[in-house]
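Engineer: Here are the chains, one letter per residue:
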Amino acid sequence: MKLTATSLGWRAGSRAIVEDVSVQIEPGETFGLIGPNGSGKSTLLKLLAGLAKRGKGTVHLDDRPLADLSRREIAQSIAFVEQIADTSERLTVRDVVELGRTPWLSALSPFDDHDRSIVMDALQAVDMADMVDQAWATLSGGERQRVQIARALAQRPRLLILDEPTNHLDIHHQMTLLQLVSRLPITIVMALHDLNQAMNCDRVGVMQSGRLIACGPPAEVLTPDRLAEVFRIRATPLFDPTDDSTVLHFHCL
Amino acid sequence: MSDAALTRPLHRGVTLWGVPGIAVLTLAILAGVIIGETPLPIPTVAAALANNLWDAGYVIDPIDAGIIWSYRLPRTLVAAACGAGLALSGVVLQSLVRNALADPYLLGVSAGAGAGAVTVTVLGVGGGLLGISTGSFIGAALAFGVVSLLARAAGGGPAQLVLAGIAGSQLFNAVTSFLIAKSANAEQARGIMFWLLGNLSGVRWPDVSLAVPTAVLGFFVCLWFARAMDAFSFGATSAAALGIPVRRVQIALIGAVTLMTAAMVSLVGSIGFVGLVIPHAMRYVVGPRHVRLVPATALAGAVFLIAADIASRVLIPGQVVPIGVVTALVGAPGFALILIHNRSRV
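Residue numbers (this note's numbering), protein chains in the order written: chain F, 1 to 253; chain D, 1001 to 1346.
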């Protein structure tokens, strides 16, 4: 599914959080969004998902403007995983993942065996199938994040938007989660903090002060000069012969 | 999808829970009619009901017949409708504002409804059952608006909402007291004070025709949006991401809550704790999913208020304790249990 955003903007009072961002997400690609804290990544993701109120600019899903679609139609195409999601309800893992079926259900098409198997598939995909009856309140941060992703997968979206999905995860779960996400046959847009994780995306976009200042394949975009300018760090690319990959090593400027 | 697959789960759910639910409700209503200061034997009650429902023509004491048909039955039906309506209001508010303490009483909606009803009664604008209910509705809607705006202006946290609710309740209760002091005569004032504490004594059939349809309508609105209320578990943004038209659902549900609270307060005064304690108790019994929580809460609220009404009639012989006092006597300890239990969980 193609997502085309044209001159997106969002202001908090007089301050521009996101300003004049245009970007096109190609079908099937994994698009990483990086930038320092407060550069507008989260807000841009919300704008792309049509979740930010009073946003400027337009978003097209394939060739239809998002504004012409109902919330339900959008949710059948786009799933969104927030950075922090919590509830005081005494929900189980199964309850949370079943929420992902919401856009597909109505009074005339209630939850059935088909939905049940989609929910189990989603739980298996994030390796949480043996914890279905656990209470949400008892889960660790990493487990919660995986359950939220399972909930998003249960939506059967064509585009999955994730806001810093590897936050609060230990290194093993960070890597398995990114592996899982990159294997999905759907379009992915995610904000990332770890620049080395961004290296594995098909393309990355760099946000600075609300603007998208660069966009392209990681090797072209994540140059030492640009990282010095945006993140105020000195990055040295190192070659790892075990898997022929390039990793960045950082020093403070 | 086949037709069988479409209807089976719904059908099964209705027979599994609906039939026993209606049976329990019917038994509670019968108990409400039978038990009272003068206990009436079941055959007399059955005969009186049969006479009125399908002209059975049994010969019974006309005084008994009058007590049963004109006094206890409407009173019990209104108690059931109020209990269901107030408890459902609690479920909806707790889900929408994601606050375990949300309830029409604590958020000032009941106080606003009371102030609206008293304005109409004392100032004599409109008048009549419909006029009072309309005043009550406007007061409730106004109170809800004031409290939500204040909570948002104060930062929008859960504590701010409760504090704004307290401020709103105090404001609208003060309006009520001011109106009584300024415009009501002594007899009116005593009547209003008694009514504000929650009182079912004056309930007659016209009240039933307002309370029962309102509760039934509110119940179906809540049931229709049960899945949407589930989606609010992780907040409004998350609900929107799940395809819920947030604004439209909020307006429909808040409208239903305001309508139910206003109708119930205008009929029986302000009854606290039903909207707070019953939904939480039912969460322990049937879990947090609204498809089960909404019917369970409506039923439990109805049965609870019928029981409270019976207690209010028999607790002190020869005297009626205001039903709001009875619900508070039971509800306050129940509320304390909720507070303690929530603490141990987090």
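Quick caveat, the hints were computed from the structure, so don't treat them as lab data.
It should be emphasised that the depicted structure is a prediction, and the values quoted were computed from it without experimental measurement.
Glycine residues also receive a C-beta, built at the ideal position from the N, C-alpha and C atoms.
Possibly wrong hints are sitting among the right ones.
Among the chain D residues that face chain F by a calculated CB cut under 10 Å, a handful are [to be verified]:
#1 1035
#2 1155
#3 1157
#4 1158
#5 1159
#6 1163
#7 1167
#8 1224
#9 1227
#10 1230
#11 1231
#12 1245
#13 1283
#14 1284
The calculated label-pair distances, taken between Cβ atoms and stated as ranges, are [unchecked claim]:
#15 F:226 / D:1154: 50 to 60 Å
#16 D:1052 / F:134: 32 to 42 Å
#17 D:1166 / F:182: 45 to 55 Å
Engineer: Are the hints correct? Go through all of them and say.
Structural biologist: For each hint, the structure was consulted:
For residue 1035 of chain D, the shortest C-beta to C-beta distance to chain F is roughly 36 Å, which exceeds 10 Å, and the interface hint is violated. The criterion of a C-beta within 10 Å of any C-beta in chain F is not met by residue 1155 of chain D, whose closest approach is roughly 15 Å, and the hint is violated. This hint is violated: residue 1157 of chain D has a C-beta 13 Å from the nearest C-beta of chain F, more than the 10 Å allowed. Here the hint on residue 1158 of chain D is kept, as its CB sits about 9 Å from the closest CB of chain F, short of 10 Å.
The interface hint given for residue 1159 of chain D is violated, since its Cβ lies 14 Å from the closest Cβ of chain F, which is over the 10 Å cut-off. Checking residue 1163 of chain D against chain F by beta carbon gives a least distance of about 18 Å; that is not within 10 Å, so the hint is violated. A distance limit of 10 Å between C-beta atoms decides the matter here; for residue 1167 of chain D the minimum to chain F is near 23 Å, and the interface restraint is violated. Of the supplied interface hints, the one on residue 1224 of chain D holds, with its beta-carbon coming within about 7 Å of a beta-carbon of chain F, less than 10 Å.
With a least beta-carbon distance of about 6 Å to chain F, the hint placing residue 1227 of chain D at the interface is held under the 10 Å criterion. A distance limit of 10 Å between C-beta atoms decides the matter here; for residue 1230 of chain D the minimum to chain F is near 6 Å, and the interface restraint holds. Evaluation of the residue 1231 of chain D hint against chain F yields a held restraint, the C-beta minimum of about 5 Å falling below 10 Å. The beta carbon of residue 1245 of chain D is positioned within 10 Å of a beta carbon in chain F (closest approach about 5 Å), and the interface hint is therefore held.
Residue-level restraint check for residue 1283 of chain D holds (minimum Cβ-Cβ distance to chain F is 7 Å; threshold 10 Å). Contact between residue 1284 of chain D and chain F, as hinted, is supported at the beta carbon level, the nearest pair being about 9 Å apart and thus within 10 Å. Range check, residue 226 of chain F to residue 1154 of chain D: Cβ separation about 43 Å, and the 50 to 60 Å hint is violated. Between residue 1052 of chain D and residue 134 of chain F the beta carbons are some 54 Å apart, a value that contradicts the proposed interval 32 to 42 Å.
For the pair residue 1166 of chain D and residue 182 of chain F, the supplied restraint of 45 to 55 Å holds, since their beta-carbon distance comes to about 51 Å.
Checked against the numbered hints above, the structure breaks hints 1, 2, 3, 5, 6, 7, 15 and 16 and satisfies the rest.
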